[in-house]
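*Asks:* Since the structure of chain P is provided, determine the placement of chain Z on it from the hints.
Number of protein chains: 2
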Amino acid sequence: MAPFVFVIASADNDKLKTIRKLHQKRWREKLGLFAAEGEDLVAAAERASWEPEFVLWSGRDVEPALLDMVSTLGSGSRVIGVYRQRWSAPAGDLAVWLHAVEDPGNVGTIVRSAHALADGPAILGPGCADPYSPKAVRASMGSIFARPPARAGLEALPGRPLALSPRGARTLREADLAPPLVLCLGAERAGLPAALESDAVRIPVRNESLNVAMAATVALYEAAHRMAGHA
Amino acid sequence: MAPFVFVIASADNDKLKTIRKLHQKRWREKLGLFAAEGEDLVAAAERASWEPEFVLWSGRDVEPALLDMVSTLGSGSRVIGVYRQRWSAPAGDLAVWLHAVEDPGNVGTIVRSAHALADGPAILGPGCADPYSPKAVRASMGSIFARPPARAGLEALPGRPLALSPRGARTLREADLAPPLVLCLGAERAGLPAALESDAVRIPVRNESLNVAMAATVALYEAAHRMAGHA
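So the protein lines, in turn, are chains P and Z. Note that this note's numbering has the first sequence beginning at 972, numbered continuously upward. Note that this note's numbering has the second sequence beginning at 972, numbered continuously upward.
This is chain P alone, in the form it adopts within the complex (with noise of 0.2 Å):
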């Protein structure tokens, strides 16, 4: 006897509508959730030992193309799964912080160097894009579940602040990166607060400025690398 099996093949059904709501911040705020579409990403969470809502893969719980209808895909996807959001205490030896960070994909890109470079969350700020985005959480390349994202406000970091900045005096290489360390940055136009930019050391560059992702990367590199014991 072959197994009972619920295929979804009306639109109408309610765990396709919680990803078409979860496309929504206000939708995601609400409900504490976030969807993450493709195999890459959902064996990522499994990984981390995330415990989805509910994970629907086309073709076995669902009929390919009303997945496709909830996806932000243009190619559709072959499967799509939803988790509770976590947040992250801001923690580390080194940290990146950012603010006003509006491109999800900035964002998520950091999400990831942070993990990659510093073992440790992004701390985001006041302003910044959701971190649970669809575009978010695909820029962070599966790094939202290995170390979900912290929020602080600049009054409770977890180590020194130096920001980061094309208009700094220093330069990278002259600025003391001992630990604990949060490189502070903010978007190419609003910059950072006052306070933080006063004192700002910049990445040197041959020409024009790099994007708030690339910075970042190359300062937890310069700072990781400091902290590993190489002048």
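A hint or two may mislead.
Each pair may be met inside one copy or between any two copies, as identical chains are not told apart.
What the hints assert, rightly or not - Taking lysine to aspartate or glutamate and the DMTMM-like style, the derived pairs with C-alpha atoms no more than 25 Å apart in a straight line are: (1) Lys1106 <-> Asp1074; (2) Lys992 <-> Asp1090; (3) Lys992 <-> Asp1011; (4) Lys1106 <-> Asp1011; (5) Lys1106 <-> Glu1073; (6) Lys1106 <-> Asp1039; (7) Lys1106 <-> Glu1159; (8) Lys992 <-> Glu1168; (9) Lys1106 <-> Asp1064; (10) Lys1106 <-> Glu1010; (11) Lys988 <-> Glu1168.
Hints are computed from structural coordinates only; laboratory data are not their basis.
*Replies:* Coordinates of chain Z only, in the frame set by chain P:
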């Protein structure tokens, strides 16, 4: 007497049709053109003295709703400029070569990093995303105009190749970074041709790995700094 002003009021207009075609790689190749959306990019083109084929300002040259219809941004565009593609010669004391990097956002980001940190063009090997796609142009943040990309196979690089790979036996800091140097990076899955991969260096991380754009940026930073005379 008021000056005669012609405002495009039909979606059937040739300029609008051209912009729409340029969403597709096939048409970009056929026409040798590309579109840049938004005031920042059009200003960057002007700064770099690129003569546009044409520029359409919303409300001045074209009905806003019609320009929005050919925009690739969810929010619509205030301005779209169309330009002839240019290709740089592979050159420079420090360059980056990409192999099969298929994500246009990563390609555009690396165009920007190469401009900022190496003051040169990114060099695209076989299988890379089109740097003139809307997403790549946007990610380059104007560097596509300042330092148009180059194209070259492995045999035509302007310097000594150094492969970057998460599987490298040595670290970047242990590598000889004397100019002329070409940093070689591949897509996260496919990697680099075997001849390069066998002598690759890695970027030291605490966890996981960096995406290709992050890795390129860190390696460019390290090499540029080393070349500037710091150990």
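*Asks:* In ascending order, which of the hints set out earlier in this document are inconsistent with the structure?
*Replies:* 2, 8, 9 and 11
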